[in-house]
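The listed protein sequences derive, respectively, from chains W and U.
Each residue of the first sequence is one higher than the one before, counting from 1 in this note's numbering.
Each residue of the second sequence is one higher than the one before, counting from 195 in this note's numbering.
Where hints are given, some of them may not hold.
Just a few of them, taken from the derived set where beta-carbon distance is under 8 angstroms, the chain W residues facing chain U [what the hints assert, rightly or not]:
1) Cys17
2) Asn23
3) Thr27
4) Thr29
5) His30
6) Gly34
7) Gly86
8) Asp98
Derived by calculation from the structure, the hints in this document are not laboratory data.
Even glycine gets a Cβ: it sits at the ideal position worked out from N, Cα and C.
If you want the building blocks of each chain, they are given just below.
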Amino acid sequence: MRNLKAISLLLLPLFGCFAQIENPDITLTHNLCGGSTNCMPGALPLGLVQISGQNTFTLNFGDQPLLQPSSSVGPATLNTSLIVGGAGVQLQNSASGDFNSVTKLSLLVAPTSTTDCSANGSNCTLVADYDQPRDGVADQTIVLRGYGVDLIKYISTTSHSLQLQLQAAGQGPGSAWNADVSMDMALKARANFP
Amino acid sequence: MDLRKLFVVAGASLFVSAGAMAQTAAGTPEQPEAAPGAPAKPSKKKKKSGTKKSSKKSRKKKSSTPAAGQMPALEPQGAPDDGEPPQLTHQLVAAGVRGKPLTIAAHAIDANGVFGPILSVRKKGLGAGDYVPIKMVPSKIVPGDYSVDVSSALTNVDALEYYIEAWDIAGNGPSRVGSPDQPIMVTLEEEKKVAATPALPTTVTIRPKGAPPAITHAALTQALKGKSVEINARLVGDTGVQGAAVMFRHAGEKEYKALPMGNIGADDYTATIPAAMTTSDLEYYVEAFDQYGNGPARSGAPNVPYALRVMDPSPAAVAVPAPVSSGSRKRTLDDDEGSQTIIGLGIDGGAPGGGGLTLLVRPLWWLRMNGGLAYNVAGYGFRGGITLAPGDWAVTPTLNLDAGRYLSGDFTKFVTISDPNVRSLLSRTRYTFATAQLGFEFGSQRRFSFYLRGGVTYVLTSFSGNDLAAIYNGNSPDPNNRVSAARTPVSALLPCASLGFNIFIY
Numbered sequence: 001m002r003n004l005k006a007i008s009l010l011l012l013p014l015f016g017c018f019a020q021i022e023n024p025d026i027t028l029t030h031n032l033c034g035g036s037t038n039c040m041p042g043a044l045p046l047g048l049v050q051i052s053g054q055n056t057f058t059l060n061f062g063d064q065p066l067l068q069p070s071s072s073v074g075p076a077t078l079n080t081s082l083i084v085g086g087a088g089v090q091l092q093n094s095a096s097g098d099f100n101s102v103t104k105l106s107l108l109v110a111p112t113s114t115t116d117c118s119a120n121g122s123n124c125t126l127v128a129d130y131d132q133p134r135d136g137v138a139d140q141t142i143v144l145r146g147y148g149v150d151l152i153k154y155i156s157t158t159s160h161s162l163q164l165q166l167q168a169a170g171q172g173p174g175s176a177w178n179a180d181v182s183m184d185m186a187l188k189a190r191a192n193f194p
Numbered sequence: 195m196d197l198r199k200l201f202v203v204a205g206a207s208l209f210v211s212a213g214a215m216a217q218t219a220a221g222t223p224e225q226p227e228a229a230p231g232a233p234a235k236p237s238k239k240k241k242k243s244g245t246k247k248s249s250k251k252s253r254k255k256k257s258s259t260p261a262a263g264q265m266p267a268l269e270p271q272g273a274p275d276d277g278e279p280p281q282l283t284h285q286l287v288a289a290g291v292r293g294k295p296l297t298i299a300a301h302a303i304d305a306n307g308v309f310g311p312i313l314s315v316r317k318k319g320l321g322a323g324d325y326v327p328i329k330m331v332p333s334k335i336v337p338g339d340y341s342v343d344v345s346s347a348l349t350n351v352d353a354l355e356y357y358i359e360a361w362d363i364a365g366n367g368p369s370r371v372g373s374p375d376q377p378i379m380v381t382l383e384e385e386k387k388v389a390a391t392p393a394l395p396t397t398v399t400i401r402p403k404g405a406p407p408a409i410t411h412a413a414l415t416q417a418l419k420g421k422s423v424e425i426n427a428r429l430v431g432d433t434g435v436q437g438a439a440v441m442f443r444h445a446g447e448k449e450y451k452a453l454p455m456g457n458i459g460a461d462d463y464t465a466t467i468p469a470a471m472t473t474s475d476l477e478y479y480v481e482a483f484d485q486y487g488n489g490p491a492r493s494g495a496p497n498v499p500y501a502l503r504v505m506d507p508s509p510a511a512v513a514v515p516a517p518v519s520s521g522s523r524k525r526t527l528d529d530d531e532g533s534q535t536i537i538g539l540g541i542d543g544g545a546p547g548g549g550g551l552t553l554l555v556r557p558l559w560w561l562r563m564n565g566g567l568a569y570n571v572a573g574y575g576f577r578g579g580i581t582l583a584p585g586d587w588a589v590t591p592t593l594n595l596d597a598g599r600y601l602s603g604d605f606t607k608f609v610t611i612s613d614p615n616v617r618s619l620l621s622r623t624r625y626t627f628a629t630a631q632l633g634f635e636f637g638s639q640r641r642f643s644f645y646l647r648g649g650v651t652y653v654l655t656s657f658s659g660n661d662l663a664a665i666y667n668g669n670s671p672d673p674n675n676r677v678s679a680a681r682t683p684v685s686a687l688l689p690c691a692s693l694g695f696n697i698f699i700y
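Bound conformation, chain U alone (with noise of 0.2 angstroms):
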């Protein structure tokens, strides 16, 4: 059977029952041509005979005599015909739950007293034959209001679209809200998605519009063991912030803890992990939802938290890893929660490679880079490298790799050779070199760190075959004998040493 068979006779059978419930509820007698199905409108002819109608009327009334209480809708039905259709009002309903009964209340009155109101209902989309009619049910409270319950049968679609009419007891109508070509739409939504179930059966409350706020936050990589771990975010949202939340649990564990942050100023939030859970590593990410449930907003998740290792203290760290600034904050020379510092400068010397200025820079808390210009006396040139500091303790070890090239060099300072070709040599020294050196840097890594250095040094150059030619015939007592040459490589391997300072500042 195809939805639409369904839908068709789900909607009689309600209205059937619906019908019947009403009459045997509030025994509506003055509603007998109220067959279920649309109300045939009384004719022009029909409304013109005003006596005739208002003696049926009469004859009906006392076959059926209701109690006022059993009949609240209804006005006094002695009155003379108003020719006016009752006043039908309606706080229309936009949503629902799929697959849930939805409530559609309307208020109808009318002097002569009201026929209906009559609910009709469709699936979105089909045609203007396919409304299901169902009568809407007077309230034994409300003079005038009236319902009716949709059925889970007929809810179980995206959408509905409706519409109520309503006549009075002389045939004067109808009055509608929203009507057959311009139907009333109600989306139905899963359960899930709406905030609350309505509490009373004329509303439906919708989720108000917002979004959860967003969340800014520099995860934290480090904390010592014993300390407490201060973790800040901003969080900033249209609707409002409320349950930010740290969420951690230690490394390995199934659950997480909450940790409610507490609003410090502005937008930015923090919390403290306390210094009894720094026993071991830990892992968290941040929530925060708005004022209307919105969210979570998520700044790392349950299934990827940010890892938080945990270290023993050592005395003569100078930064303690663990608070870290929000990311909106900046950090200066005087900020202590400097464990993000990635930019710096370094300057050393050595031999035999000279000294240097380099830019600093860590993508990783292990792995430092630099380039800069490389000075050896003789001349200048520029250099590169990565440095490997496994640790942030007061001696750390590094591993330094370099690599550069002097791009001019007068290497006759050094030497007191007075052979012109020689010397005309030395002059003009151009060399590449590489450097592999293992050390102990002091201090931080984050800040400030003296190092010292030991290791080798690959230099590659060549010389002029033309000056090397040179100096043998200008020292060759026979001019009788000549010499050509290639360029000539020269390389060399050599121990180095070498120490300087760094020193982050952002």
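So here's chain W without its partners, still in its complex pose (with noise of 0.2 angstroms):
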């Protein structure tokens, strides 16, 4: 009897088999203009940089079995997470001016590309947020928080793609300007077996 339970504890790994990548440290950025060009207008209320639809784009991933939420992959069923940490907007060309006068930020993630997240029951996912008096007077960049959000769950099945809108506060910059958005995100995917 003693054997069989030292067998069993033994043969006890063969049952938490797995194959794990893990990187705590990914970067995902997008440019609001697609360009270098500065196609947002100076010292307007970011207000109307939301009607315009402006502050809205789309994350495509692609089809990559790793980027949904649970998969089988043969014998093994996979898991994937994409946390986000944190996020950030940089102004792209100082000449524009700065946000200092922006007093809020919101990254959202948006059950469609027509939804407005600033509307009631939008149902959309706050991701990162910037709040002035909370964390401070920016100045070329808005560093937003990061609410550990799970974007996985957002990635459309079907078009691989992720929905993202920006909801701001505030006053832009001085002049036309530009900005690249990037999330910082940790990526983890651990396939079990079996």
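Starting from two chains that each stand alone, build the complex the way the hints lay out.
Now the structure itself:
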């Protein structure tokens, strides 16, 4: 009986086999204007940018098994998480001015590309935000505090894309401007056997 | 009382008693002037007046009238003074037993008769005035032989020095063996260091020089129950080999049994423990002397014997571990005495670890170490590890722990992915691994065995962040999105299995 227990203990790892990939430092960057041009009008309340729809953008991850909440790969079950640790908005051209008149900025996941997250019942998920009284006056970069949201479950299983939206209050830089929106994420994918 | 005083007092009393004994037993009136102590050397003046001296001698002879048989050492006293001192011969005594009487003998003859001889003895290192004179006693059997036993009270020191003097009755002399300035030294050793007590009072036997033989023996560790055990050793000694024996006992017993070893040619000796004795674990050691009794030389010792594990015989056991060659014999593949094989080769293959060619070394009977090359179709690497085999049976369970690293690997051979970024990533895959496996080995642990193993392997590698970013960026339909990533560790714990064989060749 004792031998049986010993053998069982030795075989136990066989039931805990896994393969795992883990990267705590992945940064995804999206340029609001899609290039080097300053498409954002200067000295305007940021609410206008939202109205014009320039605050919404799509991230397409492609059809990759790692970027699905759960999938079967052969005998293994693959589970993936993509946790947002924080975000940032980086002014591309300092000549455009600065962000010191921005009082609030939120990065949200929108259910659809047409959803206005400022509307009541929009069902958007807050990913990260900036609050000037809380975080201090921003200059060329606005740093948004993350809430540990797992983006995987918001990635469309059909289009493999993610709809993100910026909601802001205050006034943008004095001149026409452009910015990179970046998200710091941690990827962990683990396949358990069997 | 210090030793010096004791020495002088004891010596003086001995001299007195020895002198008295000599006169009582032998009736030696020819030595009336020989008062205890150093005899006064006759003066030259006295020597020149030979006539007076002769008459004096004649008077003395008449007064004593000793029987010839009672004075064997004396020559006829009527002979004229030859002017020559006695002929004194002496077999030097170099060693003795400490605390035991030491016999000193000499032979002295002279035509005029011998006065003395006088043995003067002192402790080594004392001064010239510290000699103790002892009169030597004439033999009743051999004319001219004299001897005296130096008392044990005087021999309880590390060394003595002595010399012997003799005169003739006419006062010629002294004849000397040794001298006060250059005495003969006697080394006194403890009794146990002396091989034999002197058989004759005139000789002291000293153990001949020599050394116990050197023993080369490969210790046995295992034997089969009910099978005899042959124990071999090489015994080399400049002064021969004598009394070689295997001393053995059952574990737990107190007394050893002696098993004489026989010479099987050159310096090789052997002894066989009978099968009837291999009923339980044994302990043994080997010992031998040289022809002079020097020794014993030992391999093992009574308090630290070799342990010989006696195991139940296994029908499929290929190599019986009992017989072991002597240290000088070279082991070969044809040698059945393969229980001491320690070096071999291993070849294996499995999944996902790939195959390997390893050198095997067994420092302990239950422990095997391996190290060598690894190959997994994708590339080459190296690995090493240990295997624990707690027995030498036909089927032996084993625990194997290995670790290694693949230095190159092109895993694109195993996938059908066309993405150039993914293929680039997979073409340069290096990884480190560690494996734990349980298995069974079939055959002999000492010669050839085949095995099957199963367990788990832990794999650790990492991917370049740039390579991973390139995969994403290359597949992203929106060029406006860019990804950057740090180096990404990848790990896995996977089941593994392998099979292979080991062959021990030395």
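Hints, verified against the model:
Below 8 angstroms, beta-carbon pairs count as interface contacts, and Cys17(W) has one with chain U at about 5 angstroms; its hint therefore holds. Taken as an interface hint, Asn23(W) checks out: its beta carbon lies about 4 angstroms from the nearest beta carbon of chain U, inside 8 angstroms. The beta carbon of Thr27(W) is positioned within 8 angstroms of a beta carbon in chain U (closest approach about 5 angstroms), and the interface hint is therefore held. Interface restraint check: Thr29(W) against chain U, minimum CB-CB distance 5 angstroms, threshold 8 angstroms, status holds.
Taking 8 angstroms as the C-beta cut-off, the interface hint given for His30(W) holds, the closest approach to chain U being about 5 angstroms. Restraint check, Gly34(W) versus chain U: the minimum CB separation of about 5 angstroms is within 8 angstroms; hint holds. Because the smallest distance between the Cβ of Gly86(W) and any Cβ of chain U comes to about 15 angstroms, over 8 angstroms, the interface hint for this residue is violated. Residue-level restraint check for Asp98(W) is violated (minimum Cβ-Cβ distance to chain U is 24 angstroms; threshold 8 angstroms).
Comparing the model with each numbered hint stated earlier shows that hints 7 and 8 do not hold.
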